[in-house]
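Here this note's numbering is used: the first residue of the sequence shown is 426, the next is one more, and so on.
Hint data in this document are derived by calculation from the structure and do not stem from the laboratory.
Incorrect hints may have been included.
Stated by the list, open to error - Capping the alpha-carbon separation at 25 Å, the derived lysine to any residue pairs in SDA-like fashion look like this: (1) K576 / E592; (2) K497 / D477; (3) K632 / C609; (4) K691 / R670; (5) K621 / E589; (6) K527 / N481; (7) K671 / C618.
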Amino acid sequence: MELDLASQDYIFRGLIRHHTQSEKAEILCLIAGLTSLQRLNLRSNMFHSIPDYFGNLTQLRYLDLSSNHLEKVPLWIHAIADLEHLNLSANEISELPSFLSKFHNLKTLRLHKNTFRVYPDEYGACTKLELLNLYSSRLRHIPSVIFDYSKLRVLAWGVTPIAELPEDIERLGELECLMLQCNCVSVLPETLCELKHLKGLFLLQNKLKELPKGIGNLENLEHMTLYQNELGSLPASFENLKNLRKLNLAWNQFEELPSVITGLPKLEWFGFFYNPIRGEMPRLNHIKEVIVEK
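Work the whole structure out from these sequences, hints included.
What follows is the structure in structure tokens.
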């Protein structure tokens, strides 16, 4: 059984938000009585809090409380022992409770766009995590406990002042998608090139001047975005990325087209605009869509 009270409509985004307070209370009471509920989406309803009696929903596997005005993680969530998917993004949460570490079946955890400054070490117990989104938090470094998530497939991080990606990134051997956006990263460790399952690499809006020499080892990579960095060249091994389909090198410091681009047989989309290119660009007829000027 599932209940979705989050509209995708741009104007009327939450289906409860336009009710009076008394009507909201009545609706929430009715929802809390659905004790067999497994999926609950209360996104974008302008909640500042959610009643404790929601702890009766012990069968929940999926819970979305994103885009509200929660300042704390509701305490009643600790009663949902078998929760697998939790979305608390886009709230005003300033502190993460230790009880989330009890969710040993948790697979996806979305905490982006909040104000917390500490990611508890206890969360290392969530060993089944496959997706973790910490984009736009107040964290000032990537917590070491994250590298214990051996099943992690997606890691999103951004809008923080971190200057480097830890070498321990290689411990995330199952990682398929890595996003580091709007940071201050200037150097990438060679250990990044050990992530053989990586399909998507999004390193936009950083301060990268070069890529690791072994970047070509990421032979399963399909989508790479290096938009708005300080790159002026690509390593020779780049030509080994034979499965690359989409590449964005826009807004860097390239003065000419890297020769390795012509040797990428599956490339379908290539962004190269806002680079200080000297002379004419060679034809790239093997690529379906090439964007050089904006």
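Structure-based check of all given hints:
no. : hint        : verdict
1   : K576 / E592 : holds, 18 Å
2   : K497 / D477 : holds, 13 Å
3   : K632 / C609 : holds, 6 Å
4   : K691 / R670 : holds, 5 Å
5   : K621 / E589 : holds, 21 Å
6   : K527 / N481 : holds, 17 Å
7   : K671 / C618 : holds, 18 Å
Every hint from the earlier list agrees with this structure, and none is contradicted.
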